[in-house]
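Take each chain as given, in its own frame, and dock them per the hints.
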Amino acid sequence: MVLGFSGLAANALISVLSVLSLVAGAELVVSRIEGVAKHYGVSEVVIAMTVVSIGTSLPEISLHLVGSMNILLSSGAPLKLFLTDPLTVLIGSHAEILSLLAEKGVITSNVVAASQETFLSTSGTVLGANIGSDVVQQTLVLGMVILSAALLANDHGFRFSRKFLIRDYAPMMGTTLMTLILALNWRGVVGFLSGGALKVAGTFTRLDGIVLFGSFLAYMYYLYTTRKEELAEAGDVEPSDRPLRDLFTGVAAMVLVIVSAEVFLRVVEVAVARTGLSQSMIGVASVGVVSAFPEMITAISGLRHGSEGVSLGTLVGSNITNPLLAIGAGSIISTYAVPRPLVLWDLPMETITAGVLLAYMFSKERIGDLLARPARFAGLESVAGKLESTENRVLSVAGALLLILVYFVYLYVRFNYFQYDFA
Amino acid sequence: MGWDQRLREVLLFQAGVMVVVVATILFSSPSDERLFEVFGALLSASITVFGIREMRKLTA
Numbered sequence: 021m022v023l024g025f026s027g028l029a030a031n032a033l034i035s036v037l038s039v040l041s042l043v044a045g046a047e048l049v050v051s052r053i054e055g056v057a058k059h060y061g062v063s064e065v066v067i068a069m070t071v072v073s074i075g076t077s078l079p080e081i082s083l084h085l086v087g088s089m090n091i092l093l094s095s096g097a098p099l100k101l102f103l104t105d106p107l108t109v110l111i112g113s114h115a116e117i118l119s120l121l122a123e124k125g126v127i128t129s130n131v132v133a134a135s136q137e138t139f140l141s142t143s144g145t146v147l148g149a150n151i152g153s154d155v156v157q158q159t160l161v162l163g164m165v166i167l168s169a170a171l172l173a174n175d176h177g178f179r180f181s182r183k184f185l186i187r188d189y190a191p192m193m194g195t196t197l198m199t200l201i202l203a204l205n206w207r208g209v210v211g212f213l214s215g216g217a218l219k220v221a222g223t224f225t226r227l228d229g230i231v232l233f234g235s236f237l238a239y240m241y242y243l244y245t246t247r248k249e250e251l252a253e254a255g256d257v258e259p260s261d262r263p264l265r266d267l268f269t270g271v272a273a274m275v276l277v278i279v280s281a282e283v284f285l286r287v288v289e290v291a292v293a294r295t296g297l298s299q300s301m302i303g304v305a306s307v308g309v310v311s312a313f314p315e316m317i318t319a320i321s322g323l324r325h326g327s328e329g330v331s332l333g334t335l336v337g338s339n340i341t342n343p344l345l346a347i348g349a350g351s352i353i354s355t356y357a358v359p360r361p362l363v364l365w366d367l368p369m370e371t372i373t374a375g376v377l378l379a380y381m382f383s384k385e386r387i388g389d390l391l392a393r394p395a396r397f398a399g400l401e402s403v404a405g406k407l408e409s410t411e412n413r414v415l416s417v418a419g420a421l422l423l424i425l426v427y428f429v430y431l432y433v434r435f436n437y438f439q440y441d442f443a
Numbered sequence: 049m050g051w052d053q054r055l056r057e058v059l060l061f062q063a064g065v066m067v068v069v070v071a072t073i074l075f076s077s078p079s080d081e082r083l084f085e086v087f088g089a090l091l092s093a094s095i096t097v098f099g100i101r102e103m104r105k106l107t108a
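Listed in order, the protein sequences are those of chains A and B. Going by the working numbering, the first sequence opens with residue 21, and the numbers climb by one from there. Going by the working numbering, the second sequence opens with residue 49, and the numbers climb by one from there.
Everything labelled a hint here was simulated from the structure, so no lab data went into it. Where hints are given, some of them may not hold.
With a cut-off of at most 30 Å between alpha-carbon atoms, the simulated DSBU-like pairs for lysine-lysine come out as follows [as the list claims (entries may be wrong)]:
#1 A:Lys406 with A:Lys384
#2 A:Lys406 with A:Lys183
#3 B:Lys105 with A:Lys219
#4 B:Lys105 with A:Lys183
#5 A:Lys384 with A:Lys100
#6 A:Lys183 with A:Lys58
Restraint ranges, calculated between C-beta atoms of paired labels, are given here [to be verified]:
#7 B:Glu57 with A:Ala30: 37 to 47 Å
#8 A:Pro106 with B:Glu57: 19 to 29 Å
#9 B:Glu57 with A:Leu37: 51 to 61 Å
#10 B:Glu57 with A:Leu297: 47 to 57 Å
#11 A:Val36 with B:Val65: 41 to 51 Å
#12 B:Gly64 with A:Val417: 43 to 53 Å
We put the CB at the ideal spot given by N, CA and C, even for glycine.
Only chain B is shown next, with the shape it has when bound in the complex (with noise of 0.2 Å):
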């Protein structure tokens, strides 16, 4: 399996779990706060992932 392949299941992965942790963040009172910890990590990891994707793409 490719690298662009392993990056773009991990972007994949963690776009289902930032969708999972929005709904639940949607459809329940916003009450724990570890919710938005979680949604604010992942979108950050989801930054790295796509970055550097990008980067080898652009620089290939």
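Same shape as in the complex, but just chain A (with noise of 0.2 Å):
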């Protein structure tokens, strides 16, 4: 039962609206922060830094820190839990702990097994929020976003710059990559390899963790020493005229992010019981679509400015963030447990789906030139002329409407084959 309702369509209103009270609410506490933040002269690049390459992943990272925290205080111990063995705070996943604290009689077998369930449940929830949020940006907004500038410019293309391929979209590849390597259960792939049972979701252990939100400090480090001018253009909010009243909108907006974190995640519970979804695919599903839509208008109002480049970046940017940050820092709190769709369709697919459009713009005219020969040999010499025009980080229209078929067959393959996370 949520706020009193118990009915699943009375939740799932609930459900609606928490998930967008949660994307308008952090976006007024980024607007309104970055304006405080300017009265009191704090400097753009810092502000650029802080305020608003978090701001754009506000509602994944609320959803991360709440839901973690709810995995701690499950335990009905959550400081003696840091203080059982170390390496298996460090290395070892929260079932890990709580076996721990049970052999030691910290807590009974029913608080291990309530907070196992907690753990499960709101590892699934937030991990697919956020890599399903990832996917629709990655693929339908990114789509959308290259087919409207190029319907804008009047064009059959979209040209990339080679500074955003290498500086943002290489690294969101990178990231998700990363992410992909420890949401894996290396024991399990070995044991798989060696014809065992395929057993290859892991955890995000907290050593998992630091690499993760370690690599975002790196990055903002990497952003800091190399384009310090660019960072203090992307944000647009005037100084504010009254700090204090916007100050305390912005704490309250937060105030009322973390709620609606809060009211999402038990929602979540109702729906799985009475549904059968899985927590990962509602995540997908809901958080995941509706978290994008601010980057989509932010990318496709910056377009009508002629300013492709800092759409794409702040698109780009926020999946750089959503991993590095919102699992980084959820998994140092608590840890997470990985559902199977993530390592097995999930992060794959994404990484391909960045990777082979990273390797086709970088080498479509060696393409264009090796087809073109065949074409040539049997007397298609107008076929081979288009090959040989192709140009290196050119995207055609139907580059992006294929991006944009990537997201439903996406969807349709994670709703059909990948159904259940920890069966």
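So, in structure tokens, the structure goes:
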């Protein structure tokens, strides 16, 4: 029962409202805090690296932090949990630490069972929402932005800048690959390659969280040392006229974000019990989609002002912050159990799509030249001519449509073949 | 010491530890999941270090 309602329809409505207030509240927090920071003369670069970069991922980050706190508190002994065995705390899962606490008689077997249940269900929801949001942005939203940019410019394609592909897109792909590597159960991989069962979903341990969080700091430092001037142009909010009022609004909006995250996590529990859908699937289909909207609106409105670079940078930047900061910080607090579909479908699909697009953008001319030879040999002069005139880093309208199609294929496969998180 | 030099040293250190971890996994019965956890973490951290180093080179 959530907020006194137990019916499925009422919970669905609460779910929609909580996700909308989560995303809208996050937008309000960013604009108000940015205005206040500017009023007090905080450097534009510092604002861009903190408020703006974290702001676009605030719904996912809040969901992770609230979820991780729920996991910790469900153990009934959150502080003792950190004082059990240092090595298990660092590279073990929440479930392993619970077992240790039970062995020592700190908690009962009932608490262990309830906390494990919270651990699995919360992990599924928050990781599904996080990765789901990334998939939507990397396929559907990116495809739509490129398509809109090409159509607005009355062109047949969209030219990516080399800097964008190297400084933004490649790190995004690297981030996804890192997340996949950390999410895998490497012992299971070795076992599977030796003929064992397919048990490759692992745990995001605190060590993994430190690696992800550390990578976020390293990336921020890289940005700070290489593109200060560009970062300074990222925020477009005016300095606040009434800083105290705006600060109060910002804090109130943050409370709304946290409450919305808590309500959403409770609604998911009801939805899972009533519908039989997995937590990660609900995360993918709800927060995953809705939290991508602000980035889409920002990106498309950026196109109208002719700033494609900033649009795509914001879009892709949020895909770097989501896994590194949200999963990183959440794993440090509580660790997460990785749902099976994440390592078998979501993350590999995301990495491969990004990798193929990146490789294609840098080798399009070579591929065109290679294909032109057999076409010319077959007497298809005009086709060969077209193939030879292809340019690197240009994605055609058809390519953008293909990217959008990838999203629907992703959803179809996800909903039909990966229905269970921990079965 | 330059930034790239530091990154190179971190990468070499990680590679060294990774070789030790992989050798331990291969030459002992891989019963301890923790070794695999360390392997995954090192591999992932290497991507960050290597990636940032390459990005700095390519966009210098």
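Here is how each hint holds up against the structure:
| no. | hint | in the structure |
| --- | --- | --- |
| 1 | A:Lys406 with A:Lys384 | holds (12 Å) |
| 2 | A:Lys406 with A:Lys183 | holds (26 Å) |
| 3 | B:Lys105 with A:Lys219 | violated (39 Å) |
| 4 | B:Lys105 with A:Lys183 | holds (12 Å) |
| 5 | A:Lys384 with A:Lys100 | violated (57 Å) |
| 6 | A:Lys183 with A:Lys58 | holds (28 Å) |
| 7 | B:Glu57 with A:Ala30: 37 to 47 Å | violated (59 Å) |
| 8 | A:Pro106 with B:Glu57: 19 to 29 Å | holds (27 Å) |
| 9 | B:Glu57 with A:Leu37: 51 to 61 Å | holds (52 Å) |
| 10 | B:Glu57 with A:Leu297: 47 to 57 Å | holds (49 Å) |
| 11 | A:Val36 with B:Val65: 41 to 51 Å | holds (48 Å) |
| 12 | B:Gly64 with A:Val417: 43 to 53 Å | holds (49 Å) |
Consistency note: the structure conflicts with the earlier hints numbered 3, 5 and 7.
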